[in-house]
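Protein sequences, first through last, are from chains A and B. The opening position of the first sequence corresponds to residue 5 in my numbering, with each subsequent residue numbered one higher. The opening position of the second sequence corresponds to residue 203 in my numbering, with each subsequent residue numbered one higher.
No lab work stands behind these hints: they were computed from the structure. Among these hints, one or two may not hold up.
Claimed, not checked - From the structure, some residues in chain B lie toward chain A, with a derived Cβ separation under 8 Å: (1) L216; (2) S256; (3) I257; (4) S264; (5) S270; (6) R275; (7) V292; (8) V295; (9) V296.
What the hints assert, rightly or not - Which residues of chain A face chain B? A few of them, derived with a C-beta cut under 8 Å, are: (10) K36; (11) N70; (12) D160.
Unchecked claim - Residues of chain A clear of chain B, computed beta-carbon distances all greater than 12 Å: (13) K18; (14) H30; (15) S131; (16) K147; (17) V172; (18) D201; (19) R218; (20) I255; (21) N335; (22) I411.
As the structure is a computational prediction, the values presented were derived from the model and not from experiment. We treat Cβ as the ideally placed atom computed from N, Cα and C, and that holds for glycine.
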Amino acid sequence: MSKEKFDYFIKGEKGKYEVVIGLEVHAQVLSKSKLFSGSSTKFGADPNNQVSLIDSAFPGMLPVINEECVKQAIRTGLGLNAKINNYSVFDRKNYFYADLPQGYQISQYKNPIVGEGKVLLDMPYGSKEIGIERLHLEQDAGKSIHDMDPSNTYVDLNRSGIALMEIVSKPDLRSPDEVNAYIKKLRSIMRYLGTCDGNMQEGSLRADVNVSVRKEGDTNFGTRCEIKNVNSIKFMQMAIEYEAARQVELIENGEKIDQETRLFDTKKNETRSMRSKEDAHDYRYFPDPDLLPLKLEQKLINDLKKSLPELPDKKKERFVKEYGLNAYEANVLVSEKEISDYYEEVAKLSDKKLAATWMMGDLFAMLNDRGLDISKSPISAKHFAELVQAIKSGEISGRIAKEVFEIMVESGDNPKKIIESKGMKQQSDPKELEKMINEILSKNKDKVDQYKAGKEKLFGFFVGQVMKLSGGKANPQLTNEILKKLLKG
Amino acid sequence: MSLDKEKIKHVAKLARISVDEAKVESLTKDLNSIFKFIEQLNELNTDKVEPLTSILNQSLRSRKDEISDGKIREKILKNSPKENEEFFVVPKVVE
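Excised from the complex, chain B in its bound form (with noise of 0.2 Å):
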């Protein structure tokens, strides 16, 4: 896989991640040498190997149906740029 100068400005993109224009060319150098160095990992056969979604080999926590958390507006919209005593308030998004 390598990558050309327009996929790293997409990619920049989709993570809203503005990049200079100056630094599009390093970028794109570091980018692909650095997906070089994992693609040697290509070089071995894992055609009979399940892929491995974690190194822990448990099953996944869970909880009961209850109710344990919440009403805590006030803490949650501390942390808001702008909020008004009930909502998050954000610039206009509409289509």
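Chain A on its own, in the form it takes in the complex (with noise of 0.2 Å):
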């Protein structure tokens, strides 16, 4: 599919302008503990309950690093390709917010951990990559809730001193649709990874997102925006759409695009300046002085390079190679760790074709309408393979297979003993199925005479009479056969 087709442009009255977007994702790092404390990161407790001394910053407290979320940091490194860092800095990020109680946020400023790298999309053009400019690791903040009062604000910081990793993109992205491929499949690399649950509800992965524009041609970028803290893939879509026609419109009247930091107002769908955020680019970074620089032995890398299991692109390859898949299917199964493990237990005792097929279509849709991820599927893999071989081997014919699915669905019981106890078995025998067809036709001979005298299309009523008489468990390829040959003679 030619490029052109799928350029997005937003169009003003004095030409095209191309939309630039990077990414800063911040993902929460899996861990048990928190970056510098010992308190648990568990999602959902009781407010404040999972707060040390050292997470509610109270004075003379050291932090101690996680040595489990380096490691994180290490592997998501080597799943985006990018070199890791064996020298490394923690700094101090400067500003006042309730929910901040140190006054500032550990962070990594001139020496992260992870430095450039890049990430593959399959885009309907053709693949895409994005360049990764870097990773590192910071300290979450805690959680301000507006809404319990009137006129104060509540703080719970359970939040406070996850640990977090910040992953910086280049401007490559393009539109929204690139920025929806980017951050699933980000997900998707740190899921296999087990380094970050990517639970967007859950907040464990949110971006801020900076959007520009330019007159389509230009190779300079223009004064970019940067809308803070937007939490679902369809909002940071929303949000560009409507910051990059504001800036057009800006640019088109002849105003300045001020350099600043938005919101995203999800009720009223518009972006807004952010008036507290006025200084929010000066935060007088330095060294943490309670904190010695990171430094990293290269065996520990090559060890967790090692221990990587097979990442999404590597698996998609193979699924192409070994199971005969295209490429659109192949990304389909891969794209959760989960699902390609599903498919590979059923592709091991299946016609692997046929088993693609019928997940992608039956058993998704199944799973989609009752909101079920495929882990907790009413269907096991086994039986699920055993439907798929009682398909291909012509025992049962696709419609009466989806009969059986849903059965399945609701009883939960393997496809044999369905397809047994309810006779669905399929009529292959050539002698019995002619026996039948020799039937229908003799008691229909005003048609057969009108189908040899060339209304053909009453072919059609010949198989309906068959499937109804067969209670649809002719073998719809062998009636096609033997219809077609008795109605020859």
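Work from the hints to combine the two standalone chains into their complex.
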């Protein structure tokens, strides 16, 4: 497909504008305890119950780094094909906010733990590489709750101090669709690695979105605005669309775009300036005197590299080669590790291509209807494979298979048992079919004559009769063949 | 580097320190002389010297990923100027 067809532009009165997007994704690290304290990171606990004296910034407390968080950042860096820096430094990023008790966030500024990398996106117009600028470790802030009291804000510090990976992309994204693909790919890689659960509802994955626009063909970047803390892909896309249109309008009216921090109001579907962040870029970073530089042994990095699981890009390649799937099928089936595991279990026991078709059709539709993840599927991979094999071997027709599938969902029974107990086996015995068809033809002599006189549409009528008489169990292919033969004679 | 009055006010604002307008003049003078003193270091050639982040020649101490803290809400909230049983309570901050 041609790239032009998918090119995303904002049309102004004075021409077309390209949208340039860069993302700063904040991904919560999967670990039991926080980055610099021993408090639990579990989501949904009672407010302020997972807070230590360190997380609440009592004087005299010393942060001690969690080695697992460091490993998780390295694993993620490796998964992003990025350079791991053997030397990195923790800095203090200074700002005041009620949910940041320290008055600074421990982050990494000049020397991040992970350097440049890249992520491949599968777009309808081919594969596109998005550059990663860096990944660094930092602390999450607490949570402010504004709607529990008319005149006060409540602060819950449970989240305060949980490890975050900030993954900064290069300004390589050009449309809301690419942003969607990029977030999904990052999420998928991190879920394969087990370094972030990617749960956007719980805030484990959120992003700051940098947007600028420029006239088609321009090579210089326009002035960008940063939309803070957007927590769903849908909202990111809506915010980009709104923000790009706003900037184009300013340019066309001859006005200046201020480089500023904006927020996306999900109720009004608009972005607006955050006055409180006027000084937001004056963070006065300096190395945290409480923490020494982080030096990594090359051996640790090599060992982690060896222990990485197979990642989606590699798995996709293998699915195409080993199972004969097309690129689209492979892409869908590797998107989540659980889906690919399920598929591989089914493919081991049944026809690989047919398994993919039925999984992506009926199984996904059913899971979707019920709002279930594949890990909660009412049909086990083993039973599903048996169903695929029953179709492949001709034991049941595709139509009957859909019925068997429904019963499997409701009962959890294996397909063999269902097919046998309900007598759903396909009739594939040519002799019996021929007998049945002869019976039908002799009952409908007038129609046979009409057919022979040239009314070929009646073929469908005969097939219908066979299906009716057999209760839908006649092998459709065989029925066609025998019907044709007998109607000729 | 030299600081003017505006810069002094800006830094004070960032640090949430209230500065009396009458004192800005003398503060600017004091801080500038401090900077001047520190800037003598620039006379040294440090082209081939790695920046020093710490004077301790040891690596960062780390800990295992275990839950060993928390569940002390009562203690923590005791130091909040205003609280209810579950939360710190602060003046409304809404965008």
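Going through the hints against the structure:
no., hint, result
1, L216, "holds (6 Å)"
2, S256, "holds (5 Å)"
3, I257, "violated (10 Å)"
4, S264, "holds (4 Å)"
5, S270, "holds (3 Å)"
6, R275, "holds (5 Å)"
7, V292, "holds (4 Å)"
8, V295, "holds (5 Å)"
9, V296, "holds (5 Å)"
10, K36, "holds (5 Å)"
11, N70, "holds (5 Å)"
12, D160, "holds (6 Å)"
13, K18, "holds (33 Å)"
14, H30, "holds (18 Å)"
15, S131, "holds (36 Å)"
16, K147, "violated (10 Å)"
17, V172, "holds (22 Å)"
18, D201, "holds (16 Å)"
19, R218, "holds (29 Å)"
20, I255, "holds (26 Å)"
21, N335, "holds (34 Å)"
22, I411, "holds (46 Å)"
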